[in-house]
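**Student:** Letter by letter, the chains look like this.
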Amino acid sequence: MLKDTTIISTNGHTSFLDYQGKYKGIRSWIFSTDHKRIGILYLIALLSFFAVGVTFGFLIRLELFTQGKTIVDPQTYNAFFTLHGVIMIFLFVIPGLPAVFGNFFLPILIGAKDVAFPRINLLSWWLYIIGGVLVIVSILLPGGPADTGWTFYIPYSVRTSTNVIFTGLAAFILGFSSILTGINFVTTIHRLRAPGMDWFKMPLFSWALYATAWIQVLATPIIGITLLLIVVERVLGVGLFDPALGGDPILYQHLFWIYSHPAVYIMIVPAMGVVSEIIPVFARRTIFGYKFIAFSSIAIALLGSLVWAHHMFSAGMSSTAQFVFSLLTFLVAIPSAIKVFNWTATLYKGSIQLDPPMLYALAFIFLFSIGGLTGVVQGALSVDIHLTDTSFIVAHFHYVMFGGTGFGIFAALHYWLPKMFGRMYNLKTAKVGFWFLFVGFNTLYFPLFVMGWLGMPRRYYDYLPEYAIYHQISTVGSWILITGLIIIYYNLIKSLRSGEKITARNIWGGETLEWQIETPPTHENFHDIPKITHGPYEYKMNDELAEKEEVK
Amino acid sequence: MITQEHAAAHVHRDDVGARMGMWLFLFTELLLFGGMFFLYSVYRFINQEQFNIAAKELNTLVGTFNTIILLTSSLTMALAIGAIQRNNKSLSVFFQTLTILLAFGFLINKYFEWSIKFHHGIFPGSEILLNKPKGEILFFGLYYVMTGLHGLHVVIGIFLIGFMTRLTMKNVINKDSYVKLESAGLYWHLVDIIWIFLFPLFYLIT
Amino acid sequence: MEKHNSLAEHKQHGYGIYILVWLALLALTAVTVTVAGINFGGITVTTALLVASVKSYLVLKIFMHLGAEQKAFKVFVLVALFFIIISFILLFSDYSFI
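Protein chains in written order, with my numbering: chain B, 1 to 552; chain A, 1 to 206; chain Z, 1 to 98.
Only chain B is shown next, with the shape it has when bound in the complex (with noise of 0.2 Å):
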């Protein structure tokens, strides 16, 4: 691909990491409006975040380890939980994908020298941290942490004298930041697309991030009113969702989740689009129905929109209502499994490279097959009345989630982080750390779906001996998950001190364009936009021009 694309000279191009514009030390970061910068910012931010997200869930898990009290009072319990959700929800995945990859790579996946409204973006990084220092203030305040779990039901939620108002100021402001994000990604793959690359030529990340996008703009924008709304019914006594009040709780539920349940797809479609990526790199061969995964992204962003009150099932609906919202459920299952089918269809006598990032996309679609096909299950209306609140939600959503979501993220880190710093792990070690987090994970949450399943519910503090083996199982792989995370951490900073300095631009053998540029990249990515003239996984073609090559 290279031959078809203007040749990249360094002239007088230094890297983005030595380059400063106005500001100098720290403040070159944190002020900076440069794209791959404010990547960087949220990865630091984001992987900070996500370690006290681990520890509360550690927590979690330990005090449920033995029946009865195990290490907290039944308070705090509910605050741990409450925070693991929102952390892990509103700081961790949601921003996830998007905020620190989509920012670093989207503009040179499709020829750009930065995002459309950069200062923006840098506002949206600013706002992320609003949030983050909220949620942490909420936790350190008098009246103590949220204990409504991260859903902030009504009526409990303008009851409670925990400090709902900053958990829900700060998700509200999370939500505004997820927004900027959106805005700024639909116009900069409509506006700053290079020539030539035209839709069906760019890169299925991209395709993955649009697709979120437009549900980040929508969809956000109506949880932040909701979450809203109960502050303003909190601090003022107006009449909105309290029953005693006239409201009805229900319908505030069905609001939450209008956001909520599109919210679990702008986690999981940037993971698809990450592993769409990969696998054709690791696989060395093009992409199997490009146009297929491409559409199925906007697919599932339309349906995923259209399947909310999937969560209500038991909250007390129409049974009109719970007909069609289950019909919906079965129909998003179809876009996904497009997915899923075009990436096996993708492995098949491609010469398979076991490279760490392979090892996270193969593991992400095994685990997100769980976690998909498990939803499934939910969506059907007889069983979900059974399953309803107990831990094989739990299960479910964690192997979205985390096997899903989480997986995908460490896949990006894995593949793209060389590139972003010019550094190489170490790749023995990042094999120990994903079998140890593989293991860990489902040692994890696969009793939660046996116990589920036996009738466990969720979120409780306490439970009958019966299931006091699947909860120390669980237990036991909390350790594991979490032995296997602190080598991961290890392995990649350790890289950033001291891993070995690579200026290779093609690492692993990608023909997108990141991998024709600079590593890591210079400042303005590019130093002749490149002009596009085929598509992005066009493996056997490459061949062909080398052999050609070879002829002559």
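Mixed in with the good hints there might be a few duds.
[As the list claims (entries may be wrong)] Calculated pairs, DSBU-like style, for lysine-lysine (alpha carbon to alpha carbon, straight line, at most 35 Å): (1) B:201 / Z:61; (2) Z:74 / A:117; (3) B:201 / Z:74; (4) A:134 / A:180; (5) A:117 / B:22; (6) B:531 / B:291; (7) A:180 / B:113; (8) A:175 / A:89; (9) B:501 / B:349; (10) B:69 / B:22; (11) A:132 / Z:71; (12) B:349 / B:428; (13) B:291 / Z:74; (14) A:180 / B:201; (15) Z:71 / B:531; (16) Z:61 / A:110; (17) B:501 / B:113; (18) B:291 / B:431; (19) Z:71 / A:110; (20) B:69 / B:201; (21) Z:71 / B:291; (22) B:69 / B:24.
[To be verified] Pair by pair, the computed Cβ-Cβ distance ranges are: (23) A:65 / B:153: 38 to 44 Å; (24) Z:27 / B:27: 55 to 61 Å; (25) Z:46 / B:27: 27 to 33 Å; (26) A:130 / B:153: 20 to 26 Å.
These aren't lab readings, by the way, just hints derived from the structure by calculation.
The beta carbon of each residue, even a glycine, is placed where N, CA and C say it ideally should be.
Got chain B sorted already, so can you dock chains A and Z onto it with the hints?
**Tutor:** Below, chains A and Z alone, put in the same frame as chain B:
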């Protein structure tokens, strides 16, 4: 495809892109109010009678007057952009100032409307309101929150247009580069559109 | 696809059309207020919303220059409206049909 054309644009400026970003932001605003319109419609569906009775408390005349003010301000905003397109700076500044004055008029009107309600003891948490049927409590809750948030948008609009007026006077906004003014205009028209729906739903359903 | 030059401006409406639209908006306001005054029962709200939609259409098309924008902008608006309307219908599947 358009791809070929806009390649060169992103080094310097891209007015279409700027407007596209603004439109996307407007959708966000629309959905923000959309969430509240969902609330309104469900609660009205459940409490139709009480909503109709409560709406009688609102003064249709004041509402109509405010509608006319806001529609007119939308006109002056559109004219301000028309004037800058024709390189008539002073006329544009005049229309922008007029828009701001009309916005103030709207707010003053709103202020009196609200204070009369407060005077009658109808405000969130008041005893008189709490003694009313549940549907009426909801109606007034929505009334205050929706018109309040709309009022907040009018205030933001005043600042925004005020800022644009300054830029116009400094020639930053001029005949060749006025996408900022256009964006402010788009925002202002959206505030107008939201009022176009708020007005009948609160004042005219008696 | 429409030919577009992002720098040189394309969509100059005359002042006249703005005034006309404004007059139309005022007239529609008069209509909706009058109709509300007469007791039509159930169709009052329907008329009010219908009139409001027409007014919004005028503002969108002329004041906000949507008519003169690229096709993508129009598609965007349709997508946003579609999202609101379909959410509205689905929401009411829980309330209006038993």
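**Student:** Would the pair residue 74 (chain Z) and residue 117 (chain A) pass a check requiring their Cα atoms to be no farther apart than 35 Å?
**Tutor:** 41 Å, violated
**Student:** Below or equal to 35 Å on CA atoms is what counts here, so check residue 71 (chain Z) against residue 531 (chain B).
**Tutor:** 25 Å, holds
**Student:** Given the hint that residue 69 (chain B) pairs with residue 24 (chain B), test it: the Cα-Cα distance must not exceed 35 Å.
**Tutor:** Violated, at about 52 Å.
**Student:** Run the distance test for residue 69 (chain B) versus residue 22 (chain B): straight-line Cα separation, threshold 35 Å.
**Tutor:** Since the Cα atoms of residue 69 (chain B) and residue 22 (chain B) sit roughly 55 Å apart, the hinted pair is violated (cutoff 35 Å).
**Student:** Does residue 113 (chain B) sit within 35 Å of residue 180 (chain A), going by the straight-line distance between their CA atoms?
**Tutor:** OK: residue 180 (chain A) and residue 113 (chain B) at ~23 Å, within 35 Å.
**Student:** Does residue 349 (chain B) pair with residue 428 (chain B) here, judged by a C-alpha cut-off of 35 Å?
**Tutor:** Roughly 26 Å separates the two Cα atoms, so the pair holds.
**Student:** Are the Cα positions of residue 201 (chain B) and residue 74 (chain Z) separated by 35 Å at most?
**Tutor:** Within the cut-off at roughly 24 Å; holds.
**Student:** If you draw a straight line from the CA of residue 180 (chain A) to the CA of residue 201 (chain B), is it 35 Å or shorter?
**Tutor:** 33 Å, holds
**Student:** Hey, residue 117 (chain A) versus residue 22 (chain B), does the alpha-carbon distance stay inside 35 Å?
**Tutor:** 53 Å, violated
**Student:** With the threshold set at 35 Å, check whether the alpha-carbon distance from residue 71 (chain Z) to residue 291 (chain B) stays at or below it.
**Tutor:** 22 Å, holds
**Student:** Under the criterion that the straight-line Cα-Cα distance not exceed 35 Å, is the pair residue 291 (chain B), residue 74 (chain Z) satisfied?
**Tutor:** With a Cα-Cα distance of about 24 Å, the restraint between residue 291 (chain B) and residue 74 (chain Z) holds, given a limit of 35 Å.
**Student:** Is it true that the CA of residue 132 (chain A) sits at most 35 Å from the CA of residue 71 (chain Z)?
**Tutor:** Roughly 50 Å separates the two Cα atoms, so the pair is violated.
When each numbered hint is compared with the structure, violations occur for hints 2, 4, 5, 10, 11, 19, 20, 22, 25.
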